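Just so you know, the protein sequences line up as chains A and B, in that order. Position 160 of the first sequence, counted from 1, bears residue number 162 in the numbering used here, the numbering being contiguous throughout. Position 139 of the second sequence, counted from 1, bears residue number 673 in the numbering used here, the numbering being contiguous throughout.
Bear in mind the hints are in silico, worked out from the structure with no lab data behind them. Predicted, not measured: the structure shown is a model, and the values here were computed from it. Fair warning: there could be bad hints in the mix.
Partial list, computed: chain B residues near chain A (C-beta under 7 Å) [what the hints assert, rightly or not]:
#, residue
1, C577
2, F578
3, A585
4, P587
5, H589
6, G633
7, H638
8, R639
9, G738
10, S842
11, D877
12, R938
13, G957
14, E960
Don't be surprised by glycine CBs; every beta carbon is placed ideally from N, CA and C.
Here is how the chains run, residue by residue.
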Amino acid sequence: MSTPKPTLQTAFCGIKCPNPFWLASAPPSNCGEQVMRAFDAGWGGAVWKTIGEPITNVSSRYSSIDWDGRRMMGLNNIELISDRPIEVNLQEIAEVKRRYPNNAVIASLMVESKRESWHEIVQRAEGAGADGLELNFGCPHGMSERGMGSAVGQVPEYAERITAWVKEKARTPVIVKLTPNITDIRATARAAKRAGADALSAINTINSITGIDLDTLEPNPNVDGLSSHGGYCGPAVKPIALNMVHQVMSDAASALPLSGIGGVGSWRDAVEFILLGCGTVQVCTAVMHYGYRIVEDMGDGMLQWMASKGYNTIDDFRGLSIAKVRDWKDLNLNFKIVARIHEDLCIGCQLCYTACWDGAHQCIHLDRASAAPDTTRTPAQVAAESSRRISMTPIPKLDLGSAGVSNATTPLERIPRVDEDHCVGCNLCSLVCPVENCITMERIDTGLAPETWAERTVSGRAPAVEVMNTNG
Amino acid sequence: MNEASSFSQQAEAHPEIAARFPDLHPAFDRQAALAESNRCLYCFDAPCTGACPTHIDVPAFIKKIASGNLAGSARTILDANILGASCSRACPVDVLCEGACVMHRYNKQPIEIARLQRFAVDALYASGAPLPFAPAPDTGKQVALVGSGPASLACAAELRRRGIRATIYEAGTLPGGLNTYGIAEYKLPFAESLREIDMLAQLGVDFRFNTRVDATMLAELERTHDAVFLGMGLGAIHKLGIAGEQLDGVTNALDFIAGYKSGAILSAPPRVAVIGAGNTAIDAANASVRLGAAEVHMVYRRGPEKMSAFDFEYAHAREEGVKFLWHVQPVSIRGSGRVESLDLVRLLASEDNSLVPQPNSEFTLAVDLIILAIGQSTHADFLVGNDTASMKLKLERGRILIDRVTGQTSNPKFFSGGDCTNGGREVVDAVADGKRAGIGIAAWLEAQHAHK
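Build the full structure now, drawing on both the sequences and the hints.
Here it is, written out as structure tokens:
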């Protein structure tokens with residue numbers, strides 16, 4: 003019997019597509035020519051750059067956060083919705099659908115908050131052949147000042163009302179795009195669900211000021227000496243997006259088919275969003291950085307991973323991690339791990355040492371070369387000893403008997419030691435260690451049965467505290 | 535010293551030499567420096583810093599390049615090593631900071647510390663900013679320093695930063711010693727060494743040139759100063775002691791290197807033999823190639839495994855096209871008026887590891903120039919030949935014996951450092967010695983004052 007080959011084909015709230023990788027509503031999906039090239043490159047779908055009454059943009063529009071020499075860890079924009087006439091966008095949607103019937107084309111919509119306006123745009127978008135509609139309730143800049151975008155998404159009642167208007171007309175699935183710029187993203191998700199939305203997408207961009215020019219004192223992006231808060235996206239926002247995706251998908255009153263957005267740039271990112279329940283992912287920043295071609299590895303990598311795990315479709319693993327994120331009170335207090343430094347891999351940078359002393363719990367020590375363990379020697383003492391040491395250039399002729407310097411192995415005195423009795427298992431040392439698997443966190447058997455804080459309070463061994471219900 | 539008499543302005547690089555000795559390790563541009571600086575792991579108690587004799591806080595200065603604080607980066611470097619620019623070019627970093635880099639055990643690509651250091655200090659020069667240190671208020675104390683090489687320069691800088699007057703006595707006409715005259719031009723150009731001393735001189739160091747210190751003068755310096763620092767380095771290069779050594783066309787590596795660096799020597803004849811296999815010998819051999827010699831041989835009594843040159847220097851010489859004659863020894867030099875050939879004999883290692891000439895193995899190498907590079911003698915006679923009891927300093931194999939932490943000699947008023955104490959190491963070792971001695975002198979003077 004031959005094992006079935008994994009496939010990326012999927013359907014999202016009834017919309018079929020060859021893979022779950024969609025372009026997010028953004029500059030990469032601005033026009034038909036771009037979207038067709040994206041489909042040629044392998045993208046499964048595209049959410050069209052938001053269609054509405056054409057706007058006027060400013061220049062410049064983008065700014066970014068670089069980190070330790072890497073560009074665009076986070077991207078910020080103050081660009082508005084499409085600056086092209088509605089009719090042009092719709093004609094191009096029709097053209098794309100005619101040429102690419104198997105790819106998903108979603109029309110992202112934003113019009114003024116009037117029932118007729120929404121009815122009209124829904125009809126026109128569906129008339130052009132869009133496979134679904136995404137309601138842009140998330141754009142955090144510019145449009146929100148005009149009562150649209152996140153001005154809607156931040157007020158659940160508005161979102162509910164407009165979604166209901168759309169559902170009065172829509173024949174295709176309606177996806178509500180959520181803003182993260184709200185105290186609890188579930189409030190809008192629930193409102194959308196109450197109004198009959200077929201699906202959700204999250205997150206839109208996060209309000210941000212990316213930085214200030216230290217010469218001119220002017221923030222970026224600079225528009226004639228001034229700036230405005232923009233929408234932040236890219237790798238930096240992924241953890242925030244994942245949390246919000248989890249919030250939505252673990253809440254029965256919110257959960258709907260969800261298209262995950264926020265820092266997706268690789269198949270790994272995509273798998274993580276799907277593990278938290280997403281049916282598709284949407285990508286913008288990574289394409290703006292590297293182009294449509296990145297989708298090739300997204301598909302290839304995900305298929306390889308699926309094959310190695312024995313998953314045949316993305317539904318096989320979708321949502322498997324949702325239940326693994328719990329309230330803190332449900333975590334096992336008797337689970338104990340400690341850091342273990344593998345001497346053979348240690349390169350002697352001592353970053354774990356300084357991190358543990360200054361940033362954690364002072365339980366990593368430099369005493370392997372000492373006669374006895376010494377937990378009292380401080381980093382300042384270590385540094386002072388080194389500064390007093392006299393070193394000279396090794397000259398073979400003058401340094402008879404010296405073997406010369408060897409940098410092949412780490413000197414024992416540079417390999418830190420973990421005081422396992424005091425290690426709290428926080429992970430910090432293993433996070434700062436530059437070498438893969440050099441510091442592993444090893445489970446210690448405490449001999450104690452699992453016990454959570456919730457169980458402790460119930461059993462009376464910890465004081466129960468009256469808490470406000472924040473989960474609705 | 536005032537601006538008008540800057541040392542580097544007195545010694546323009548000869549265009550012919552500049553063309554033949556371009557940078558072996560070209561400077562980083564800003565983008566390359568930024569990318570490289572971001573690779574640094576920022577180790578705690580970093581091995582590179584430990585390996586550096588002057589203990590430059592390498593991760594700190596690299597982090598400052600990454601953060602765009604170039605002035606602070608240069609300051610961090612120069613605070614630990616006042617000749618940080620020279621050292622960034624002259625240091626054998628493979629056996630020092632870069633050799634110690636943990637990246638050897640990470641991805642086998644150590645951080646290019648030397649080029650980053652040069653980038654930071656060059657940026658300071660380019661900015662036109664002054665040396666980021668000022669002399670402390672005058673203490674009225676004064677110290678005489680013998681020799682103007684890196685040890686004395688570093689010592690003088692420490693003294694000036696502590697308000698102690700420093701007068702450097704130099705036999706020649708320009709400062710810097712071997713840092714100016716002895717480093718291969720493709721590593722440290724003549725003018726670069728002087729430019730760095732120009733900057734150091736902003737601390738108010740007093741230079742007395744054309745002043746050779748002999749025993750009498752040393753006694754005078756001892757009488758008129760609160761302390762004396764001896765930083766005169768080593769003496770002349772050893773002679774072979776064979777026939778024909780006095781012929782024209784026999785020179786020594788230090789004269790040859792100083793000659794081309796200062797523009798007095800612009801070419802080498804077709805056939806050159808360099809006697810010796812140390813780092814200086816390699817510098818002379820490579821220079822001969824670059825100055826136009828068609829065939830350059832290095833002649834050494836032992837095999838490559840015994841040569842005192844660093845491995846990377848040996849590799850460089852091979853790249854330059856230098857040929858090697860191992861296990862041979864010069865017997866005599868022949869020529870009528872000028873050198874024409876070098877008679878050699880092959881050597882065999884005997885059981886006790888001594889070298890024995892192999893019978894009937896003599897052969898002749900036709901040469902136009904012979905460069906001796908078989909080590910320098912010590913230059914301490916004038917210290918012990920004096921009657922003044924207080925002047926007598928303990929020597930060890932001709933080297934001045936010092937307390938390595940303070941640089942103090944057996945005579946408490948005398949301090950020393952550099953090649954005359956360590957037998958001949960690197961510029962950075964001399965700087966470290968001078969720095970420790972400067973701090974040591976200041977502490978000793980302070981203690982003397984306290985006792986009074």
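Hints, one by one, checked against the model:
1. The beta carbon of B/C577 comes within 4 Å of a beta carbon in chain A, closer than 7 Å, and the hint placing it at the interface holds.
2. Interface hint status for B/F578: upheld, as the beta-carbon distance to the closest one in chain A is roughly 4 Å, under 7 Å.
3. Look at B/A585: its Cβ gets to within about 6 Å of chain A, closer than 7 Å, so that hint holds up.
4. Of the supplied interface hints, the one on B/P587 holds, with its beta-carbon coming within about 5 Å of a beta-carbon of chain A, less than 7 Å.
5. Hint status for B/H589: holds, given a least beta-carbon distance of 6 Å to chain A, under 7 Å.
6. Hint status for B/G633: holds, given a least beta-carbon distance of 5 Å to chain A, under 7 Å.
7. At about 4 Å, the closest approach between the beta carbon of B/H638 and any beta carbon in chain A falls short of 7 Å, and the interface hint on this residue holds.
8. A least Cβ separation of about 4 Å between B/R639 and chain A falls short of the 7 Å threshold, and the interface hint therefore holds.
9. Look at B/G738: its Cβ only gets to about 27 Å from chain A, farther than 7 Å, so that hint breaks.
10. Look at B/S842: its Cβ gets to within about 4 Å of chain A, closer than 7 Å, so that hint holds up.
11. Checking B/D877 against chain A: minimum C-beta separation of about 26 Å lies over 7 Å; hint violated.
12. Nearest Cβ of chain A to the Cβ of B/R938: about 5 Å, under the 7 Å cut. The hint holds.
13. Below 7 Å, beta-carbon pairs count as interface contacts, and B/G957 has one with chain A at about 5 Å; its hint therefore holds.
14. Here the hint on B/E960 is kept, as its CB sits about 4 Å from the closest CB of chain A, short of 7 Å.
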